[in-house]
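Participant: Starting from the structure of chain A, add chain B where the hints point.
These protein sequences, in sequence, are chains A and B.
In terms of my numbering, the first sequence has 72 at position 57, counting the first letter as 1, and numbering is strictly consecutive.
In terms of my numbering, the second sequence has 206 at position 191, counting the first letter as 1, and numbering is strictly consecutive.
Take these hints with a grain of salt, some might be off.
Pairs of lysine-lysine residues, derived as BS3-like cross-links and limited to a Cα-Cα distance of at most 30 Å, are as follows [as the list claims (entries may be wrong)]:
1. A/Lys101 to A/Lys127
2. B/Lys194 to A/Lys33
3. B/Lys194 to A/Lys38
4. A/Lys194 to A/Lys33
Cβ-Cβ distance ranges computed for the label pairs, FRET-style [said to hold, decoys possible]:
5. B/Ser205 to A/Ile80: 30 to 38 Å
6. A/Lys38 to B/Gly34: 49 to 57 Å
7. A/Pro130 to B/Asp118: 28 to 36 Å
8. A/Gly110 to B/Glu109: 35 to 43 Å
9. A/Val91 to B/Ser205: 26 to 34 Å
Examples of chain A residues lying across from chain B (beta carbon under 10 Å, computed) [stated by the list, open to error]:
10. Tyr177
11. Lys192
12. Ile196
13. Ala199
14. Ser205
Worth flagging that the hints you see were computed from the coordinates, not collected in a lab.
What you are looking at is a predicted structure, and each value in this text was computed from that prediction instead of being measured.
From the three backbone atoms N, C-alpha and C, an ideal C-beta is built for every residue, glycine too.
Number of protein chains: 2
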Amino acid sequence: MEEKGLLIVISGPSGVGKGTIIKELFRQEDNLTYSVSVTSRSPRAGEVEGINYFFVVQEKFLEMIDNNEFLEWAKVYSNYYGTPRKFVEQALEEGKNVVLEIDIQGSLQVQKSFPEGIFIFILPPSLAELESRIRGRGTDEEAQILERLGLVQDELKYLPYYDYGVINDQLSAAVEKIKAIIQAERCRISRSQRRVIS
Amino acid sequence: MEEKGLLIVISGPSGVGKGTIIKELFRQEDNLTYSVSVTSRSPRAGEVEGINYFFVVQEKFLEMIDNNEFLEWAKVYSNYYGTPRKFVEQALEEGKNVVLEIDIQGSLQVQKSFPEGIFIFILPPSLAELESRIRGRGTDEEAQILERLGLVQDELKYLPYYDYGVINDQLSAAVEKIKAIIQAERCRISRSQRRVIS
Numbered sequence: 016m017e018e019k020g021l022l023i024v025i026s027g028p029s030g031v032g033k034g035t036i037i038k039e040l041f042r043q044e045d046n047l048t049y050s051v052s053v054t055s056r057s058p059r060a061g062e063v064e065g066i067n068y069f070f071v072v073q074e075k076f077l078e079m080i081d082n083n084e085f086l087e088w089a090k091v092y093s094n095y096y097g098t099p100r101k102f103v104e105q106a107l108e109e110g111k112n113v114v115l116e117i118d119i120q121g122s123l124q125v126q127k128s129f130p131e132g133i134f135i136f137i138l139p140p141s142l143a144e145l146e147s148r149i150r151g152r153g154t155d156e157e158a159q160i161l162e163r164l165g166l167v168q169d170e171l172k173y174l175p176y177y178d179y180g181v182i183n184d185q186l187s188a189a190v191e192k193i194k195a196i197i198q199a200e201r202c203r204i205s206r207s208q209r210r211v212i213s
Numbered sequence: 016m017e018e019k020g021l022l023i024v025i026s027g028p029s030g031v032g033k034g035t036i037i038k039e040l041f042r043q044e045d046n047l048t049y050s051v052s053v054t055s056r057s058p059r060a061g062e063v064e065g066i067n068y069f070f071v072v073q074e075k076f077l078e079m080i081d082n083n084e085f086l087e088w089a090k091v092y093s094n095y096y097g098t099p100r101k102f103v104e105q106a107l108e109e110g111k112n113v114v115l116e117i118d119i120q121g122s123l124q125v126q127k128s129f130p131e132g133i134f135i136f137i138l139p140p141s142l143a144e145l146e147s148r149i150r151g152r153g154t155d156e157e158a159q160i161l162e163r164l165g166l167v168q169d170e171l172k173y174l175p176y177y178d179y180g181v182i183n184d185q186l187s188a189a190v191e192k193i194k195a196i197i198q199a200e201r202c203r204i205s206r207s208q209r210r211v212i213s
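If we strip away everything but chain A, and leave its shape as in the complex, we get (with noise of 0.2 Å):
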């Protein structure tokens, strides 16, 4: 029923997985784009402007902020980080479906900028899986596990906002997941809910 492409956002606790899900679904599906970030931060070497980023600078970045230029953005440490929608508006109309990778904050500020969009909640299968994912890396230190966990448990307070939840409980089945839902909401007659007979 869609001519024009999907806005698809992969959002969910940090370690659940969203990274490597997207990788796989990007392996086995065409038609998909990575939606790309405007950040205020330098280059770092081998990054590529465009395919990583764009790079701008600071005053550039906040111009952008007032003119209402980001789907969503944040600051993280000193930097500035944020989703342009003229490139995501530009991909969805050349009928691509663009993945937006982004934490339950990020998202819940594209639900409002950008509501026609597909958000996804990445659920681990249970938190003490998420522990044991989070603890297999080996980059974290205890305090910061804790309070990553911590975090976990209210972020699933976000779920009502969401359309969908995939568990990754196994990768493939995850990714099938996804890949059911973006053909599903092709078939959509409408972004917003069916009319009602009255």
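Facilitator: Only chain B this time, still in chain A's reference frame:
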């Protein structure tokens, strides 16, 4: 996300291939149940109570209408046919997905009586293609064929009252889409629209 089953309403114009799609869907998928209708007509040879229909006398059928026991019902010539709410709800409670094949008018009734259903409209690739299919059956007279094609054009107006539209261009592709819709709907956070950030 769903533990209960889903009511999947497969609707669309006569001759569009609903029956063939559903037959193939049942061949490929477990955990699907046909909705069994109640009828006031007499059993034909080989028809089994509870499999083909639930057979009741007309008096009983009219009583069931009065008691709001149908998701939809219709009188065809002198016989009554209806979808029993109790049967559907019991199967859904057991976690089964109930498939209901029904015409447009019946589907509109179900949308009122059971709005949490998933309403799928099967579309012909084109009116020309539909005409050739109806002619291919060889069972209809010219006047009937033209009348039916006019009716289809009218029926397409009801598309906005559905959740999904699936074009039956290739059987396997149409079945894949319906399977994706069922899988996606099982990941839905809520049967109603997502909550909105205020």
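Participant: It remains to establish, for every hint, whether it holds in the given structure.
Facilitator: These are the hints, each one checked on the structure:
no.: 1; hint: A/Lys101 to A/Lys127; in the structure: holds, 16 Å
no.: 2; hint: B/Lys194 to A/Lys33; in the structure: holds, 24 Å
no.: 3; hint: B/Lys194 to A/Lys38; in the structure: holds, 24 Å
no.: 4; hint: A/Lys194 to A/Lys33; in the structure: holds, 14 Å
no.: 5; hint: B/Ser205 to A/Ile80: 30 to 38 Å; in the structure: holds, 32 Å
no.: 6; hint: A/Lys38 to B/Gly34: 49 to 57 Å; in the structure: violated, 41 Å
no.: 7; hint: A/Pro130 to B/Asp118: 28 to 36 Å; in the structure: holds, 34 Å
no.: 8; hint: A/Gly110 to B/Glu109: 35 to 43 Å; in the structure: holds, 41 Å
no.: 9; hint: A/Val91 to B/Ser205: 26 to 34 Å; in the structure: holds, 32 Å
no.: 10; hint: Tyr177; in the structure: holds, 5 Å
no.: 11; hint: Lys192; in the structure: holds, 6 Å
no.: 12; hint: Ile196; in the structure: holds, 4 Å
no.: 13; hint: Ala199; in the structure: holds, 4 Å
no.: 14; hint: Ser205; in the structure: holds, 7 Å
Checked against the numbered hints listed earlier, the structure breaks hint 6 alone; every other hint is satisfied.
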